[in-house]
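Asks: Heads up: the sequence lines are chains A and B, in that order. Taken in order, the first sequence gives residues 23 to 221; the numbers are from the working numbering. Taken in order, the second sequence gives residues 58 to 392; the numbers are from the working numbering.
Check the hints yourself; a few may be wrong.
Said to hold, decoys possible - Dumping the calculated DSBU-like pairs for lysine-lysine here, alpha-carbon to alpha-carbon at most 35 Å: (1) B:Lys184 to A:Lys73; (2) B:Lys96 to A:Lys73; (3) B:Lys96 to B:Lys184.
To be verified - If you only want the chain A side, here are some residues facing chain B, beta carbon under 8 Å, derived: (4) Pro34; (5) Ile35; (6) Arg55; (7) Thr56; (8) Gly78; (9) Glu90; (10) Val101; (11) Glu150; (12) Trp155; (13) Pro156; (14) Ser157; (15) Arg158; (16) Ser183.
Derived by calculation from the structure, the hints in this document are not laboratory data. For glycine and all other residues, C-beta sits at the position ideal for the given N, C-alpha and C.
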Amino acid sequence: MLRAMSAAADRPIFSRVTLTVNGTEHVLELDNRTTLLDLLREHLDLTGTKKGCDHGQCGACTVLLDGERVNSCLVLAPVADGHDVTTIEGLAGEELHPMQRAFLDHDGLQCGYCTPGQICSAVAMLGEAERGWPSRVTPAVAVGPEGAHALSPDEVAERMSGNLCRCGAYVGIVAAILEAAGAPPRDAAELPGDPDRTA
Amino acid sequence: MRQLAYERASDARAAQRAVADEADTMFLAGGTNLVDLMKLGVARPDRLIDITGLGLDRIEHRPDGSARIGATVRNSALAADPGVRARFPALSQALLSGASGQLRNLATTAGNLLQRTRCVYFQDTTKPCNKRAPGSGCPAIEGAHRDLALLGTSERCVASHPSDMAVALAALDARVALLGADGSADTLDSLDELYREPGDDPRRDTTLAPGDLITAVELPAPPVGARMAYRKVRDRWSYAFALVSVAALIVADEDGRLRETRIALGGVGSRPWRARRAEALLSGARPDPGGSSVRAAVLAEFDRARPLPGNAFKAELAADTAAAVVNDLLWGARS
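The following block holds chain A by itself, in its conformation from the complex:
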């Protein structure tokens, strides 16, 4: 007990965190244990980002940190100091973001709880594909995809596997992402869900 006091008592357990969220700069004084997820929800009232498992397993808390998708439940607030965050609230302009529109058009949701994380993840995922990042199902990692429009349903399913949907709206989610990616239209039979797939 004495030892716990000494280290913690001598050093600040709060940090001043300056970060930009959806284009607006915020300065907050926060307990170092605060996660980026709780910073957004509890301190900025940006409750679009959802807390699912709180252990990095479900993806409901996915936001963009400097443009890259991360699990905000595993990022301590002081780690985000000086960085740029985009949440589901920051995606739409005058009109819905094309990914949001596509999720509506393809019924890519049922209860909607995982949807903000799905959409943030999907937006960043397409950026990764545009940069030619391979995935586990890319035939040759050295080559990579030609761009987001070249992704197959299996590619989308693999790249989105960090976002769980307990309603099981995956068929609509994959269809929505493929459309937002500019991929050619697919027959529903080509979408994930076939247990015999071997990829």
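Chain A is already provided as a structure; the job is to place chain B on it using the hints.
Replies: Same frame as chain A, now just chain B:
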């Protein structure tokens, strides 16, 4: 979670001294494992030293084909690196087989190496666990151990090392560059020197002393003509830890005779398991297309195993998977 101080390290030596001097001070990199363990109450630091600003985030490819991967290179950046994809494709494949896109964007090279076992008893502070609470017992041996190890285990601990990346690194003869707590630079010549087996003292996973800081992973140039691949077998199609994984690198003559064979196994060992016994048995061999010689060699690796009722099947699964990977590398099917 305990109250804690947070500092961003600007000087490696000062960060190392802080960790060496105070038992409850820890390095923080990507945080994907550590922050989770803090939430679970398994890790209880009262001070975190963030080392992601130390400039250890570069990948260097040398003209001789070797590479140096900085300790805080993110897993996603490493997997996507064109030089890694071209010269060390099994490493990209392994990284892309692990975790999720979001987690790979945070997780780092050294953090991946030093992640803790996902044994459910280790992660549950209401349960006994010799790794977390020495002497309390190991419920996994009679409990849930499907994901746990049968090689390199002891009667005290059957935890498996969960990394995919480290299995590929083992097959690539990776070395680990570190700065000792006393400031001296050192290089561990293989992952076998980084990891220790649980034995009578499962608390520590590695040979590192408090304050030792991994600075980079060194990849020697693969042998001329090397072919390599990583394959993972698991209960889900994606986003699950391995039941078994295989990283293999071979150099073979045109007639299929093996000049060099390296096989590393994941999901079966207390550490990323370089199957040196299997490799020795395959030295100079000309594996049959049916895979029986590779199967037999990998099964021999399990002669020293401590199989448990719920994970004994993994010896056969590892042998089958390795045979398939070597066959594909030899005869050019999917990698």
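Asks: Can you verify the interface hint for Glu150 (chain A): is its Cβ closer than 8 Å to any Cβ in chain B?
Replies: Since the shortest Cβ distance to chain B is 7 Å, the answer is holds.
Asks: Holds or violated: is there a CB of chain B closer than 8 Å to the CB of Glu90 (chain A)?
Replies: holds, 5 Å
Asks: Answer holds if the nearest beta-carbon of chain B is closer than 8 Å to that of Arg55 (chain A); otherwise answer violated.
Replies: Since chain B brings a Cβ to about 5 Å from Arg55 (chain A), closer than 8 Å, the hint holds.
Asks: Next pair to validate is Lys96 (chain B) with Lys184 (chain B); report whether the Cα-Cα distance is within 35 Å.
Replies: Cα-Cα ~16 Å, so holds.
Asks: Ile35 (chain A) was flagged as interface toward chain B. Is the shortest Cβ-Cβ separation under 8 Å?
Replies: Hint holds; Ile35 (chain A) Cβ to chain B Cβ min 4 Å, cut 8 Å.
Asks: Restraint: Val101 (chain A) near chain B, CB-CB cut 8 Å. Satisfied or not?
Replies: It holds, given that the least Cβ distance between Val101 (chain A) and chain B is near 6 Å, below 8 Å.
Asks: With a cut-off of 8 Å, does the beta carbon of Arg158 (chain A) approach a beta carbon of chain B closely enough for the hint to hold?
Replies: It holds, given that the least Cβ distance between Arg158 (chain A) and chain B is near 4 Å, below 8 Å.
Asks: Given Gly78 (chain A) was flagged as interface, is its beta-carbon under 8 Å from a beta-carbon of chain B?
Replies: This hint holds: Gly78 (chain A) lies near chain B, its Cβ roughly 6 Å from the closest one there, short of 8 Å.
Asks: Run the distance test for Lys184 (chain B) versus Lys73 (chain A): straight-line Cα separation, threshold 35 Å.
Replies: OK: Lys184 (chain B) and Lys73 (chain A) at ~26 Å, within 35 Å.
Asks: If you take the shortest Cβ to Cβ gap from Ser157 (chain A) to chain B, is it below 8 Å?
Replies: holds, 6 Å
Asks: Does Pro156 (chain A) meet its interface restraint, that is, does its C-beta lie within less than 8 Å of any C-beta in chain B?
Replies: holds, 7 Å
Asks: Can Ser183 (chain A) be said to touch chain B, with a Cβ gap under 8 Å?
Replies: holds, 4 Å
When each numbered hint is compared with the structure, a violation occurs for hint 7 only.
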